[in-house]
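Number of protein chains: 2
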Amino acid sequence: MRIGELSRRTGVPVPTIKYYVREGLLSQGELTSPNQAHYGEEHERRLRLIRALLEVGGLKVAAIAEVLGAVDDPGRPLHKVLGTTASRLGAQGEVEDDAEAAAAHAAVEELIARRGWRTHDSNAAADELARALAAMSRIGHGAFTELLDEYADAAELVARADLGYVDRRVAVEDLVESVVVGTVLGEAVFNAMRRLAHVDASARLYGGGGGAEGCA
Amino acid sequence: MRIGELSRRTGVPVPTIKYYVREGLLSQGELTSPNQAHYGEEHERRLRLIRALLEVGGLKVAAIAEVLGAVDDPGRPLHKVLGTTASRLGAQGEVEDDAEAAAAHAAVEELIARRGWRTHDSNAAADELARALAAMSRIGHGAFTELLDEYADAAELVARADLGYVDRRVAVEDLVESVVVGTVLGEAVFNAMRRLAHVDASARLYGGGGGAEGCA
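Line order of the protein sequences matches chains A and B. Residue numbering for the first sequence follows the numbering used here, beginning at 1 and increasing consecutively. Residue numbering for the second sequence follows the numbering used here, beginning at 1 and increasing consecutively.
Where hints are given, some of them may not hold.
Claimed, not checked - Each computed DMTMM-like pair below joins lysine to aspartate or glutamate, with the alpha-carbon atoms no more than 25 Å apart:
id: 1; chain 1: A; residue 1: Lys80; chain 2: A; residue 2: Glu156
id: 2; chain 1: B; residue 1: Lys60; chain 2: B; residue 2: Glu23
id: 3; chain 1: A; residue 1: Lys80; chain 2: A; residue 2: Glu42
id: 4; chain 1: B; residue 1: Lys18; chain 2: B; residue 2: Asp72
id: 5; chain 1: A; residue 1: Lys80; chain 2: A; residue 2: Glu66
id: 6; chain 1: B; residue 1: Lys60; chain 2: B; residue 2: Glu44
id: 7; chain 1: A; residue 1: Lys60; chain 2: A; residue 2: Asp174
id: 8; chain 1: A; residue 1: Lys18; chain 2: A; residue 2: Glu5
id: 9; chain 1: A; residue 1: Lys60; chain 2: B; residue 2: Glu55
id: 10; chain 1: A; residue 1: Lys80; chain 2: A; residue 2: Asp167
id: 11; chain 1: A; residue 1: Lys60; chain 2: B; residue 2: Glu96
id: 12; chain 1: A; residue 1: Lys18; chain 2: A; residue 2: Asp73
id: 13; chain 1: B; residue 1: Lys18; chain 2: B; residue 2: Glu5
id: 14; chain 1: B; residue 1: Lys60; chain 2: A; residue 2: Asp127
id: 15; chain 1: A; residue 1: Lys60; chain 2: A; residue 2: Asp73
id: 16; chain 1: B; residue 1: Lys60; chain 2: A; residue 2: Glu109
id: 17; chain 1: B; residue 1: Lys18; chain 2: A; residue 2: Glu96
id: 18; chain 1: B; residue 1: Lys80; chain 2: B; residue 2: Glu66
id: 19; chain 1: A; residue 1: Lys80; chain 2: A; residue 2: Glu100
id: 20; chain 1: A; residue 1: Lys80; chain 2: A; residue 2: Asp174
id: 21; chain 1: A; residue 1: Lys80; chain 2: A; residue 2: Glu109
id: 22; chain 1: A; residue 1: Lys60; chain 2: B; residue 2: Asp127
id: 23; chain 1: B; residue 1: Lys60; chain 2: A; residue 2: Glu96
id: 24; chain 1: B; residue 1: Lys80; chain 2: B; residue 2: Asp167
id: 25; chain 1: A; residue 1: Lys60; chain 2: B; residue 2: Glu66
id: 26; chain 1: B; residue 1: Lys80; chain 2: B; residue 2: Glu110
id: 27; chain 1: A; residue 1: Lys18; chain 2: B; residue 2: Glu96
id: 28; chain 1: A; residue 1: Lys18; chain 2: A; residue 2: Glu66
id: 29; chain 1: A; residue 1: Lys18; chain 2: A; residue 2: Glu41
id: 30; chain 1: B; residue 1: Lys60; chain 2: A; residue 2: Glu66
Derived from the structure by calculation, the hints contain no laboratory data.
Extracted from the complex, chain A is given alone in its bound form:
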């Protein structure tokens, strides 16, 4: 199809498609004449993936370029792709070097040892977890670390469900892309679900929080 048709099918304006091609997110279509290119279904699919990472996942264009670069690199093992994705998803902030940061890092290391979780030295998620806990501690919520094992139970449940889905549903050639999709969009799914569960739990605990039951 021509770029106009690709735009119509995906709802992405032509200049935006050209921008994605320039930034390396989307491969150039096959040139059929000096200024006309032919796009296929793989372009359509990739374009939908880019929009999903952007709009639902909240990733920036540069982060998407890096994540998709990892997806497209056939030599890159799965756990390295996951590492790249994780490092682009987390909040980027300055690392502070105070007592709260040290205590939070220690708490995370203890948690990982206690759960027997296998990790990498470069695992950005461990640093992000420590940063979030340190920030809570600085505003008087150091006791939040009491919840770490309940959070870890829930995280293991979700991770098992995700991996089971990938294992059951996904062809090997789509594995890496699916894991990235699951990491980014699955996060949006879980966050929304947690907020729904909060409203329900607070309605039950404090009353007044609920309207009609079972109405979206």
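Chain A is already provided as a structure; the job is to place chain B on it using the hints.
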């Protein structure tokens, strides 16, 4: 304390503090002379809260102003504050009106009815959940809805832990602020934890993903 001391204690530059005051995130200190203001511990605490929402929670300044405005409004019931927070946390995107969007909305409504969750008509989280599911469906992962109940189990676990913490640990006058902190920062905590659990689960399932066990 003077603004310089407040800046030194929190690591936030003086011009940034003045910007937060102008934007309504932080109240003006008590004027002790026409161009000198006195700041107290409540300012220091609020400033740390702003930085945490910004750096760990990834909220923008306008979103923080809205969320803190809800926190500071004594007449606003807890579930409305939660609703405001939820609507500023979720990805903002255009709502598409296609078959995938309709199916996703139906799946979310069924889920809410099946779990007996109490919700509000205005619950932004339900819309965000539907948007994420529709985006997955558009890139060929419609079967992801099979995982909704496993995700919901995990979300209920986390929500119960959060509410239990608030109920046990938090003085009534800090309740609303704590719920906001828990929603925003707890999300960062869970997301990081889920990524850690992914690395562990993928190491167990596919091998090669893990290094030394129990090392952060």
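Each hint, compared with the structure:
1. Pair hint lysine 80/A plus glutamate 156/A holds up; C-alpha atoms about 20 Å apart against a cutoff of 25 Å.
2. For the hint pairing lysine 60/B with glutamate 23/B, the CA-to-CA distance comes to about 12 Å; that is within 25 Å, so the pair holds.
3. For the proposed pair lysine 80/A and glutamate 42/A, the alpha carbon gap of about 24 Å is at most 25 Å, so the pair holds.
4. As the CA atoms of lysine 18/B and aspartate 72/B are separated by approximately 19 Å, the hinted pair is consistent with the 25 Å bound.
5. As the CA atoms of lysine 80/A and glutamate 66/A are separated by approximately 12 Å, the hinted pair is consistent with the 25 Å bound.
6. For the hint pairing lysine 60/B with glutamate 44/B, the CA-to-CA distance comes to about 20 Å; that is within 25 Å, so the pair holds.
7. Note on lysine 60/A and aspartate 174/A: the hinted pairing holds, with a Cα-Cα distance of about 23 Å set against a maximum of 25 Å.
8. Between lysine 18/A and glutamate 5/A the alpha-carbon distance is near 14 Å, which keeps this suggested pair within the 25 Å criterion.
9. Annotation: proposed proximity of lysine 60/A to glutamate 55/B holds, straight-line Cα distance about 16 Å (limit 25 Å).
10. Of the supplied pair hints, the one linking lysine 80/A and aspartate 167/A holds, its CA atoms being roughly 18 Å apart against a limit of 25 Å.
11. Distance check on the hinted pair: lysine 60/A and glutamate 96/B sit about 21 Å apart at the alpha-carbon level, within 25 Å; holds.
12. Taking the CA atoms of lysine 18/A and aspartate 73/A, the gap is near 22 Å; set against the 25 Å cutoff, the hint holds.
13. Between lysine 18/B and glutamate 5/B the alpha-carbon distance is near 14 Å, which keeps this suggested pair within the 25 Å criterion.
14. A distance of roughly 22 Å separates the Cα atoms of lysine 60/B and aspartate 127/A; the hinted pair therefore holds under the 25 Å criterion.
15. For the hint linking lysine 60/A to aspartate 73/A, the alpha-carbon distance of about 20 Å falls within 25 Å, and the restraint holds.
16. Under the criterion of a C-alpha separation no larger than 25 Å, the hint pairing lysine 60/B with glutamate 109/A is inconsistent with the structure, at around 31 Å.
17. With a CA separation close to 22 Å, the supplied pair lysine 18/B and glutamate 96/A stays within the 25 Å bound.
18. As the CA atoms of lysine 80/B and glutamate 66/B are separated by approximately 12 Å, the hinted pair is consistent with the 25 Å bound.
19. Pair hint lysine 80/A plus glutamate 100/A does not hold up; C-alpha atoms about 30 Å apart against a cutoff of 25 Å.
20. Between lysine 80/A and aspartate 174/A the alpha-carbon distance is near 16 Å, which keeps this suggested pair within the 25 Å criterion.
21. Proximity of lysine 80/A to glutamate 109/A is assessed by CA-CA distance (about 21 Å); at most 25 Å being required, the pair is judged to hold.
22. About 22 Å separates the Cα atoms of lysine 60/A and aspartate 127/B, which keeps this hinted pair within 25 Å; it holds.
23. The hinted pair formed by lysine 60/B and glutamate 96/A meets the criterion: a straight-line CA distance of about 21 Å does not exceed 25 Å.
24. Restraint check: the Cα-Cα separation between lysine 80/B and aspartate 167/B comes to about 18 Å, which is no more than 25 Å; the hinted pair holds.
25. The suggested pairing of lysine 60/A with glutamate 66/B holds, with an alpha-carbon distance near 23 Å, which does not exceed 25 Å.
26. For the proposed pair lysine 80/B and glutamate 110/B, the alpha carbon gap of about 24 Å is at most 25 Å, so the pair holds.
27. Proposed proximity of lysine 18/A and glutamate 96/B is supported: the alpha carbons are some 22 Å apart, at most 25 Å.
28. In summary, the hint linking lysine 18/A to glutamate 66/A is supported, as the alpha carbons are separated by about 18 Å, within the 25 Å threshold.
29. At roughly 17 Å between alpha-carbon atoms, lysine 18/A and glutamate 41/A fall within 25 Å of each other, so this suggested pair holds.
30. Between lysine 60/B and glutamate 66/A the CA atoms are separated by roughly 23 Å; this keeps the pair inside 25 Å, and the hint holds.
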